[in-house]
Structure formats: structure tokens, C-alpha cells
Amino acid sequence: MKRNAMWVVPVVVGLGAGACSSARPVETPLESPLGEIQTAGAPRTVVRISEAMRDQQWMKDIAVVGDDLYVTVAWSGAYRVPKYGGGITALEQNTSVEFDELASGDGAVFWQALSFDSNDFPTTHVRRVADGDLAVSTIYQADLATYGDSRGKNLQVDGSTVYLPQIRNVTDQGAIHRFPTTGGAELAPILPFTLPGPGPVVVTFPTTWIVRDGGVIYADCSAGSGACAIQQVAADGTQTIATVPGDEAYVQAADQASLYVTALSHVAPPPDQRIAIPLLKVDPQTGAIVELTPDCGGAYFLLADDRELFYVSGAFAITAISKQGGDPRTVADLTDSHGIWRMAQDDTYLFVLTANSEVVAIPKGTPAQP
Amino acid sequence: MRAGDRLWRCARIAALGACAGALLGCGDPLADGSYLGDATIRLHAVVQGTVAEAQNAAVAVLWLGYSALAQKTVAGADSSVLPITSVDFPPRFTCDLLSPPPGAGAYQAPDGRIVPAFVRLGLLVVFDDVDGNGRVAVGGDGQLLAPDRLLAQSASHALLYVASLPDDARALDAQGAILSDWETASAHYNLVAIDSSPLYGHVVEAGSTVAFIPATGSLGL
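Chains as they are written, first to last, in the working numbering: chain A, 1 to 370; chain B, 1 to 221.
One chain only, chain B, in its complex shape (with noise of 0.2 Å):
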């Protein structure tokens, strides 16, 4: 077994917290903490609390649909699952997302109008891929595909991707859309803290640590 294959198992368990002891025995990781390689955007995150029992937790991001703000919903989200790089000690871990996401437009804000950005959010989640196929789809009424299922949610960041961002972006700022701060943007991804619902919030540092909160109920914005 190829160290890179025993540290991704192990830190699929050791995400959750669920086994301690087996992550002490994991194998090198990949790299130091110091190298980014080709990661687009390496993620620091934390599971607060005890998530359900999972045969194989991964995590993932759930690109959201261009009227999902609008529509309060993830139906028709497009994800991407994130390679754990790194596990620090239960249950904190480190992932890359190495690749942009499968596109970016424009999205309709929540009072309707058309945000002039061309961008693509996305939701982080932890789930178990019950199925070992190593992907994730979200159906119609918004929720995870069974047989995978939903371990925890962060309520805390999601990630923005901006392929282009405003022209104005000071005047943006003030429309409620998205984000408060998108001077402070920057091409390809960004960490946003999310301040209100749905998904509005402000640009941080990619080294902020991403809260995941265990599942109670379905997955939602």
C-alpha cells in the first residue's frame, strides 16, 4: 500500500475523530505543511463535536447553482471532493482543492438582481461516501444523493472562486450581494466567512480555520 493510499484512509477516519488511534499510526504525510504544490487552495479545518459513524468521511465541495442564493436552495449543486493532505491531530485536518471548480457565471442575489461577477460558491461538507466511488451528488430536493450521507456541514466559511471580478467592485459592496468586502477579492479562490444567510460574508485568510458543525438535520444554506 502506497503511503499517499494509507494516509487517505486513515484521514478520512481521522476527520471525524472517530479513530484516534489508528491516526496515530498513520503513515508520512505527503508533503510538509509548508508546501502548497500545485494546491489551488489548501483548506485548515476543525469537526466541532462528534459526527455520526461513517465507513469512509471525505469532504467535499458543493458548488452551488447561479440561483441558489435566490431560490434558498442547494438542488443542482455541482462538487468537487477534496483530497485530505494532511491530518494535524483528530479532528483537525488540512485538504487541497487542486482544481478550479466546473465553471463560474454570474449569480442572481437574493433580492433578484444579477450579480455583476462572474464567480462560483461553494458549500463545505463532510460526508460519508458510503458507496467508496469517491464523489458526491446532490439530488433535486437539495440533499445528498443516498447512499451517501451528510456528517457535517461548516456554518462558518465557504469558498469563493472569482474568474472575474466587478468593475466596480466598491460599489458592489454596498448592494448586499454575496459579499461586504470585494475590493478585498482576488482572482481564483478565496475563503469567505459567512456573516448572514445566504451565504453573505467577507473574504479571509485561507489559512482561517474552517469550522465544520456535525449534520442534525438536512443540508441547506
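Isolated chain A (complex conformation) (with noise of 0.2 Å):
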């Protein structure tokens, strides 16, 4: 009798345990709040971490792709929202499973999710769900890990192919991968790299890139040459398109005619001041640079629309500028959000993914040049 209690309880516990895992729906940990009558240009909180859930989860990235607001939340899935606030779609869920970058182009978004095995080595997948659709499929799977800077977003896509960089587990060797928008085979790797270890900054690395017309485009940066070579990156080759003064550089945006580029030397700035940061525009067919303004403050984030760039500098003031130069304007000051961690943008607001974990939408308001 004794021997069977002692076999009766591993199995019911067993037993309780599995159906709590598979059975358990996991909970949303968004909200988007009704909001109150929004004054002309101000912000407006579009969706957040719930109050509940504030301090076990945050959102990865954001995307707008029509009517629509993606989101990312690190440990527990992917959703979609209208863009303005309204009712919460979760497109996939696992609480085992982190959800990072998001990426949209050839009619449909893209998300990374990565899965680990019992020596936490990582399993990349990235899915794909059709605009305005709900089923997600998986169109790469790879037993490679992610690499990922702030700076600059690392999954991409042009025309009909996805791009993510890989890094081999165990090592510090990686690549830029490619894949059909659709799925099946792989294409060839490009780019491949080596990750920066300690000490001072290594520059001959992709930390910002941008795919355009099937090429990835980033800085190369000689140590103590002073300055950076603009690089396209395809299968079939690399090409210089420009050359631009400085020690660091990071390709930020394009849009059809212009590349937008920071740069900075390591030259110490004058005391109680920080070393200037130009922002510039590169004209690939030429490879001639305008200076669009000497000192942009990083401009983390860029996104361009038809005629202003958008940007982060320093650390909470989102800044605007003419593509054609002149001076900047402040859209808005978000000292209070504690961080700005990625853009995005339609034609009228600006979507904001701060450290408070919301999202908020600020009006772009009127351009101050033509």
C-alpha cells in the first residue's frame, strides 16, 4: 500500500504539471488605453505593458505597416494593434520563446523568435504573417544566434528577400543571411564577420546597415585613416560609393535618392562639450556628401519620409531636419520616458517605443522648410 502511494503522487504531479503547460493560455501583457481627447500635437499613448505585467516584460521593437502597429514583447509573443490604439490580435504566443526585431516589406511582416535547448544555445526562426493576416508560418530556421545592435535594425528586407545577420554558437563568427521573403532555400551569406571584442572601437564592422537593391550597405572604417569607405555588399561583389571623413560612421537610412550617414572623428571636444556628430547626405550614384547638419547628436533611429529626416539626439529629444538641410526642429522632448528605444513612423505621427514600455504616437507636425 505504502509502495503504491509513493508511485500514485511523481505521476499526478506529473500529470498536473503538464496539462498547467500545454493548457495554460498565456496572458497578454499589453493594453491600449482609450486615451482622453488629444490636444493638437501632443502625444498620445498608443499601447503599453499592462500595469500587471510592467515589471516582467518588455516590448523588443515596433513596426507600422498600414493601419497597423506590430509589436514585440520579449518573453511572451508578437501582436498587432491599430496603429491609432484599439483591440490587441496576438499573432504568436510562448513564454519560452524571445521575441525580438520586426521587419515588413513584399507585403507581409516578419519577426525573429528565438528558441533554446537545455545548454541554452539558440534556435533562430523567423516568421511571417501577410499584412492585415493572422496565419504565421516559418519561413527560416537556422541553429545560429542573432546579433543585434540598438543602433540600427538587423532584420531587413528588400524586394522579395530577408536579411538577418548569424552568428555560429560557440564562436564569434557571423555573416548576413538571406532568405525568400516566402521562404525556401537559403541564398548564399554575405558580409561575413568577425564580432568586436574589448577595447577600443572596431570599425570595420557592419553595426549599422541598410539593404537596398539587393546589396547591404554599411561604413568601413580604416583605424587611423580618418576616413570611411561607404561599402555595398552583394553576391556578386562590393562596391565603394563613397568616402566620408571620420573615425566611425553608420549608414542610418536611404531613401530612393540619397543614403543618410553619421560620422564623427576621435577628437577630443572642447571641455564641457561633446564631440560633434554631422549628419550627411551621400548621393550613391555620385558619391557626393552634403552636410546636413554639423552636429546631429547621434541621430539614432533615422527614418525619413517624403521630405524631413527624423531622429533621436542625445537621448530624448526627437529632432527633424530638411532633407535638404537647414535647421533643425524639435518634435518632441521625452526626458520623462526615461530612453527612446526604436522609431517608426507614418505620414502624419511618429511611433515612439520608450523605456516606460509604451508606445506613443507624436504628431510629425509641420516641416519648417519646403
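Fair warning: there could be bad hints in the mix.
[Stated by the list, open to error] Stretch by stretch, here's where chain A covers chain B in the computed footprint (C-beta under 8 Å, at least three residues): (1) 100–111; (2) 164–171.
[Stated by the list, open to error] Some chain A residues close to chain B (C-beta under 10 Å, calculated; not the full set): (3) G35; (4) E36; (5) G41; (6) P82; (7) T89; (8) G132; (9) P363.
What the hints contain is simulated information worked out from the structure, not anything from laboratory work. The model shown is predicted, which means the values in this text are computed figures rather than measured ones. Heads up, the beta-carbon is just placed ideally off N, CA and C, and yes, glycines get one too.
Build the complex: two chains, separate frames, hints provided.
Laid out in C-alpha cells, this is it:
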């Protein structure tokens, strides 16, 4: 009798645990507040981590596609919400998976989802959902780790190809992997790299990069030369687009006509001043460089619309400048946000993911220059 | 052929007022006029004027995108095709909307501000379902995707689905955002009489007659 009892207990516990783990629904950690009547020009919260989950969950990335805002929450899922607020739709939820960057293109939205084996080695999955649809598919899976730099987007789409840096597990060796937006055979990786180690800033590395016309564009800066080559790397070779002055340079964004690059020199600034970081416009056809402003304060998360560039200068200020240059204007000061993690846009609003784990919609305002 | 199928075929034609004779031969309605069943909202409609000849006339709601009012475009709209449940007499008909829209959220008002209510606005149209697939879609240019053709559009009424009413409905009345009488709106479906463009109006009885005007040009707000 005693023996039987001993056997019963583990079985019951095991069944109980199994039932809990398989049947327990994942709680959506997001809420979209209805809000009050908006004062003209004022920011408005679109979606945020709910009060009850704020200590456990955080948002990783956002993307605006059409009428929808897509959000990944690190250990929760990928979600869609009407871009100015509304009902939240869970596209994928799994508390054992780390959800990371989002990208859009080719009529679909993509996100990284990382699972981990018993040794904590990651497997990267890239999911796909067609715009406005609910059916999620996996278009890429590899026993590789991802590389992420918060200054740039690491999951990008160009045409019908997805680009994603991957690192071989237990190594510092990586490359940018490419695969079709609808899944299928992976293309040959490009731009192999070695992760930078500790020490001075290593600049021969695609810290920030953009993909355009089938090529990855990044700044390659040879240590001590005082100049950085803007390189376009495609399957058929490497082309130098332009050379910009500086010890560090970052390709931040592109539109049909131009690349937008920040560059800085390792020269000690005057006392009580920070290093000036110029914002440059580069013509990819001619290599001509125009300085839009002598100091953009970093120009993090730079976005281009038809007329202006929007970026974070310093830590909290969102600034706009005409693509033709001129005086920058302040769009918003989010000092109360404790930091800005990501930005996205539509025609009239910037969508800003803040360190407060909320996404606020900020009116772009009226351009100062035509 | 089931009575419902027969009715559906006839009703689609009758909605255009194009086959009065056939209409008189239509089978019994699926239910009498007082039965609402699971209908979320029942629309009573009339086609004013003569519309183009159609192969498969049908009624649809085009659910406007959340920037539609500010950008004055129907581009990006989702759609629901409504079954016609009865034909009273050409060109009058009744149709039911049996399900909620594909989503609800906050709209950007024409002045750029975000309206603090989670709703969905629907434009009512009659179209020729040329490919007979029972669906209609709006392209990036804000027009129906071929081969389907726009036959008529209601300039008098629109649908408003309310998922969450504004906290201060009365204060919102003065903002010129979608409705002039938010305090009258109820949860779920409301029929809105359009007072001015783009889609600004007031709530009316669900039994009000929705007038469809034959399309003379393109789809618009």
C-alpha cells in the first residue's frame, strides 16, 4: 500500500504539471488605453505593457504597416494593434521564446523568435504573416544566434529577400544571411564578419547597415585613416559608393535618392562639450556628400519620409531636419520617458517605443522648410 | 436549388432594380421581416436611379482604414459582403450584417488628432461581383479591384461599429470627429446619417432607409 502511494504521487504531479504547461493560456501583456481628447500636437499612448506585467515584460521592437502597429514583447509574443490604438491581436505567443526584431516588406511582416535548447544554445526562427492576415508561418530556421545592435535594424527586407545577421554558436564568426520572404532555400550569406571584442571601437564591422537594391550598405572605417568607405556588398561583389571623413561612420537610412550617414572623429571636444556628429547626405550614384547639419547628436533610429529626416538626438529629443538641410526643429522632448528604444512612422505620426515600455504616437508637425 | 440560394440570386439582381419580373418570382424569404435572428444590424436600403447592368450585384461594407478620414481615401479598406435577406420591391431590399468588422481602433480625425474611441467606420456600396467569388477588395488607389465593379454607393449613410465608447462622449461632440452626437452612439453597430464629408454625421435609427446612388465616377469619401 505504501509502495503504491509512492508511485501515485509522482504520476499525479507529472500530469498536473503537464496539464498546466500545455493548457495555460498565455496572458497578453499589452493594453491599449482609450485615452482622452488629444490636444493638437500632443503625444498619445497607443499601447503599453499592462500595469500588472510591467515588472516582467518589455517590448523589443515595433513596426507600422498600413493601419497596423506590430509589437514584439520579449518573452511573450508578437502582436498587432490598430496603429492609433484599439483591439490587440496576438499573432504568436510563447513564454519560452524570445521575440525580437520586426521587419516589413513584400506584403508581409516578419519577426525573429529565438528558442533555446537545454544548453541554452539558440535557434533562430523568422516568422511571417501577410499584412492584415492571421496565419503565421516560419520562413527560416537555423541553429544560429542573432547579432543585434540597438543603433540599427538587424532584420531587414529588400524586395523578396530577408536579411539577418547570424552568429555561429560558441564562436565570434558571423555573416548576413539571406532567404526568400516566402520561405524556401536560403541564399548564400554575404558580408562575413568577426564580432568585435573588448577594447577600442572596431569599425570594420556592420554595426549599422541598410539593405537596398540587393546589397547591404555599411561604413567600413580603417582604424586611424580618418576616412570611412561606404560599401555596398552584394552577392556579386563589393562596390565603394563614397568616402566620408571620420573615424567612425554609420549608415542610418536611405531613400530613393540618398543615403543618410552619421560620422564622427576621435578628436577630444572642447571642455564641457561633446563630440559633434555631423549628419551627411550621400548620393549613391555620384558619391557626392552634403552635410545636412554639423551636429545631429547621434541621429539614432533615423527615419526618412518624403520631406524630412526624424531622429533621436542625445537620449530624449526627437528632432526633424529637412532633407535639404537647414535648421533642425524639435518634434518632441521625451525626457520623462527614461529613454527611447525604437521609432517607426506613418505619414503624420512618429511611433516611439520608450523605456517606459509604451508606444506613443507623436505628431510629426509641420516641416520648417519646404 | 435551396430557397435561400434562389433568393440570393434573385435578390442580387433585384437590388439593382434590373429584373423586376424575376423578382416577383423569387422564393419565400428566409424569415419574415420581424425576425432578426443573429443579425447584428439589419439595413433597409433603396437604390435611387438606374445602375449599370450587372452580372452578380451584391452589397458590401468597406471598412475604412484608421487614416482614411485624414487622408480622404478608401485605400486599405477591409470589406464584408452582406447577404441580402429579403427584397421588398425593386429597388428596395434588406440585408443583414451578421458579424463584427475585422477590427476596431482609434481613427485619425481630419485635423490630425486621434479620436479617443475604438470604432470602425464602414462605407456602404453595391458592386458587381464579376468573378463571383463573393468577395470584394479595395486597391491601393482606393478603388475596387478588378474585375469587380462599383455600381452604387451610399452618400446618405455609413456604418459605425463601436468597440469602446469615448470616456467623455459629450466633450467629443464638439471636436468635429466622426459624430456630432457621441452620447447617442451605442455599443456595436450604429447607422450614421452623413452630414458632411468625410463621413461626419449623427446616429439615426437602424431602421432608417439607406439610399444608394448609382456610381458615376470613382469610389470616394
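Please name the hints from earlier in the document that this structure breaks, with their numbers sorted from lowest to highest. none
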